[in-house]
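Given chain U, work out where chain G should sit, using these hints.
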Amino acid sequence: MARRSTPLLRRLLAPSPSPSPAPSTPLAGAASRRTVTYMPRPGDGTPRGVTLIPGDGIGPLVTGAVRQVMEAMHAPVYFETYEVHGDMPTVPPEVIESIRRNKVCLKGGLATPVGGGVSSLNVQLRKELDLYAALVNCFNLPGLPTRHDNVDIVVIRENTEGEYSGLEHEVVPGVVESLKVITKFCSERIAKYAFEYAYLNNRKKVTAVHKANIMKLADGLFLESCREVAKKYPGIQYNEIIVDNCCMQLVGKPEQFDVMVTPNLYGNLVANVAAGIAGGTGVMPGGNAGQDHAVFEQGASAGNVGNEKILEKKRANPVALLLSSAMMLRHLQFPSFADRLETAVKNVIAEGKYRTKDLGGTSTTQEVTDAVIAKLD
Amino acid sequence: MARRSAPLLRRLVSASSPPAPQPLPGHGRRTVTYMPRPGDGTPRAVTLIPGDGIGPLVTGAVRQVMEAMHAPVYFETYEVHGDMPTVPPAVIDSIRRNKVCIKGGLATPVGGGVSSLNMQLRKELDLYASLVHCSNLPGIPTRHQGVDIVVIRENTEGEYSGLEHEVVPGVVESLKVITKFCSERIAKYAFEYAYLNNRKKVTAVHKANIMKLADGLFLESCREVASKYPGIQYNEMIVDNCSMQLVSKPEQFDVMVTPNLYGNLVANTAAGIVGGTGIMPGGNVGQDYAIFEQGASAGNVGNENIVEQRKANPVALLLSSAMMLRHLQFPSFADRLEVAVKRVIAEGTYRTKDLGGTSTTQEVTDAVIANLD
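Taken in order, these protein sequences are the chains called U and G. Per the numbering used here, residue -1 is the first one in the first sequence, and the count goes up by one each step. Per the numbering used here, residue -17 is the first one in the second sequence, and the count goes up by one each step.
Please note that a few of the clues may not be correct.
As the list claims (entries may be wrong) - A partial selection of chain G residues facing chain U, derived with a Cβ cut-off under 8 angstroms:
| no. | residue |
| --- | --- |
| 1 | P18 |
| 2 | E174 |
| 3 | K183 |
| 4 | Q234 |
| 5 | A272 |
| 6 | S314 |
Unchecked claim - Keeping only pairs whose Cα atoms sit at most 25 angstroms apart, straight-line, the calculated PhoX-like set for lysine-lysine is:
| no. | chain 1 | residue 1 | chain 2 | residue 2 |
| --- | --- | --- | --- | --- |
| 7 | G | K158 | G | K182 |
| 8 | U | K373 | G | K189 |
| 9 | G | K189 | U | K101 |
| 10 | U | K373 | G | K335 |
Stated by the list, open to error - Label-pair restraints from in silico Cβ distances:
| no. | chain 1 | residue 1 | chain 2 | residue 2 | range |
| --- | --- | --- | --- | --- | --- |
| 11 | G | Q215 | U | A372 | 14 to 24 angstroms |
| 12 | U | N200 | G | Q215 | 33 to 43 angstroms |
| 13 | U | N200 | G | K182 | 42 to 52 angstroms |
| 14 | G | E329 | U | P90 | 58 to 68 angstroms |
| 15 | U | Y76 | G | Q127 | 54 to 64 angstroms |
| 16 | U | M246 | G | D270 | 46 to 56 angstroms |
| 17 | G | T59 | U | Q289 | 26 to 36 angstroms |
No lab work stands behind these hints: they were computed from the structure. All figures in this text were calculated on a predicted structure; none of them were measured in a lab. Ideal placement from N, C-alpha and C gives every residue a C-beta, glycine not left out.
Same shape as in the complex, but just chain U (with noise of 0.2 angstroms):
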């Protein structure tokens, strides 16, 4: 027996073909094709034009990495560009046009500078067009190491109102009011697109954050209507949060949220906050809908145009906005491309070769770009 086990030993030993794939190829998932086609109607293939804004600062490196990759792609779109810089007075009526036109916007970030009279042409294309949601998608992104593991959040916002009205106004010199505005309106509109948007994406649950036990009445309008709007949907659970509980939560328990809406001061920081636990803004994909028009850009922060040195050593992070223009051709309705996109893109983060310095590495954007090309399929 001594002698005839040896053998027997180094072959169970010895390393058994393991059965799940190599980590050199493409993640399952996404990446297989479905078993259930997309069955197109004639003329779907037809190609749609998009609204292309390059935007300050880093927004020409990224939204050039987006052109690039969709020229690879052969993706049945084409770009109409548009020069628009944030220290312009008001954003160019052709712009809109061109918007209210093809319906679907990508963008990169505007410059606001801070105090003087100018105000943000984010908020101003926002409000023109009736982009009332803002929509940002935080999830860990596998081959990204984080503190918080499990993290799937999406934050939908409210984007016209609350304290972003820009209603300021010095009442003697040396006091200034600022006036939050909240609408029963304006809330009914974005609690009814949270829950049909966790109703559509096979969501669980919504949390609305507020600060009703501070702001009464304007927060509780907010949640009127959120609670109003939840009775609609008796299979999703719905639950409120205060705001400050709720960034407490975030950094401490992350999992315990699923979507999450918020007026428009909350949003913005929640959303931020959220980004930043799953990998940072630079990789955080998001879009901003409205009843006929939706505009893509850099999911949380879309103001933030980077600093002069990454420009310099165009070190940008184009993985925010490529995410983001995977969500637009999805929402094209271009499902097949969506998905080539998306796990291109993963499977970059996941190697992990190619990072910008935001995730620990020392590439550059054309380098992260040229490493989704070759990634395609």
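Below, chain G without anything else, positioned relative to chain U:
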């Protein structure tokens, strides 16, 4: 050493237990979310035609699963049977209004003067493309692996024009009509489909060595359209060779575009090699409307035995309804349904007779509902 290696061997042998089942592709939330427009969740109306034979059984299964998912669709049901002279105008109106229909099979009597109602529906609504997707499903053992074929078949002309006449008693002529218009649009649809679904190759199936003018015209149209899609490979194959290649090396095929009759046969063969017509989804699409039904052999309504014992396979129609949900732009619901059905098949506990099991339609439906997440 003899004494010590026995427990070691025992431990090694017991440790190499079968690996945990891999999560099925498509399982779990996709990362890049679908950002809907406000109002996208409004329920859509879909015309439902239960049909004959096993039709009511399998469409009943679809109904139950849709309700369990709270899918944003509601059904307008119409009774149509294969022995009616024509499809009732109320049904056509309903489909024109809803734009989308899901149906069980309509039995076509053999011979006689009654034309097929399935055909009549397709011609009336000009559903010129019929699509069948045949692929290996994990958990169903077949003689062929690596199969993933989509057969796109011209649906309105060709051998099925229905133009037959008796020249003299005992001599019948049947007209096969091929037009440039129809060939062009089916070729355009096939290439557009391949482009939108990231397919690499389109194969035109023909018999132009014999029917030089008719199938020659079909091929000409395909070649013209192929020149507009340089990124997609195009080749042609004679239908007899194609049938043989299908059963010997099916992995060479990707998208196949065919005229009416060849498409019927090729689709059934392709469905057969991956597990049978009981599980392959498919649909018919035109410029404005789409009808979803069991992929291949849609006129097959089963036999009395199956109907009595209620053992019809609902999988084909369930997967077709998942295609329908995707067509209606409800990607999350489509994914859930597809994943649940694939899980049930992979598990193997609940299978109807054509897959080698003994379950009834209701048992399979309940299993699918239980597997929804």
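Here's how the hints hold up against the structure:
1. Hint on P18/G holds. Least Cβ distance to chain U is approximately 5 angstroms, under the 8 angstroms limit.
2. Hint on E174/G holds. Least Cβ distance to chain U is approximately 4 angstroms, under the 8 angstroms limit.
3. A cut of 8 angstroms between beta carbons decides the hint on K183/G: the least distance to chain U is about 14 angstroms, and the hint is violated.
4. Contact between Q234/G and chain U, as hinted, is not supported at the beta carbon level, the nearest pair being about 16 angstroms apart and thus beyond 8 angstroms.
5. Hint status for A272/G relative to chain U: holds, with the closest Cβ pair at about 7 angstroms, below 8 angstroms.
6. Interface restraint check for S314/G: the shortest CB-CB distance to chain U comes to about 5 angstroms, inside 8 angstroms, so the restraint holds.
7. Proximity of K158/G to K182/G is assessed by CA-CA distance (about 31 angstroms); at most 25 angstroms being required, the pair is judged violated.
8. A hinted pair counts as satisfied when its Cα atoms are at most 25 angstroms apart, and K373/U with K189/G does not qualify at roughly 40 angstroms.
9. Note on K189/G and K101/U: the hinted pairing is violated, with a Cα-Cα distance of about 46 angstroms set against a maximum of 25 angstroms.
10. Among the hinted pairs, K373/U with K335/G is inconsistent with the structure: their alpha-carbon atoms are about 43 angstroms apart, more than 25 angstroms.
11. Taking the beta carbon of each, Q215/G and A372/U are about 21 angstroms apart, inside 14 to 24 angstroms as hinted.
12. Restraint check, N200/U to Q215/G: a C-beta distance of roughly 37 angstroms satisfies the suggested window 33 to 43 angstroms.
13. Evaluation of the 42 to 52 angstroms hint for N200/U and K182/G yields a failure: the beta carbon distance comes to about 31 angstroms.
14. For E329/G paired with P90/U, a C-beta distance near 59 angstroms keeps the hint of 58 to 68 angstroms intact.
15. Here the CB-CB span from Y76/U to Q127/G is close to 40 angstroms, at odds with the stated 54 to 64 angstroms.
16. Between M246/U and D270/G the CB atoms are about 54 angstroms apart, so this pair conforms to the stated range of 46 to 56 angstroms.
17. A C-beta distance of roughly 33 angstroms is found between T59/G and Q289/U, which places it inside the suggested range of 26 to 36 angstroms.
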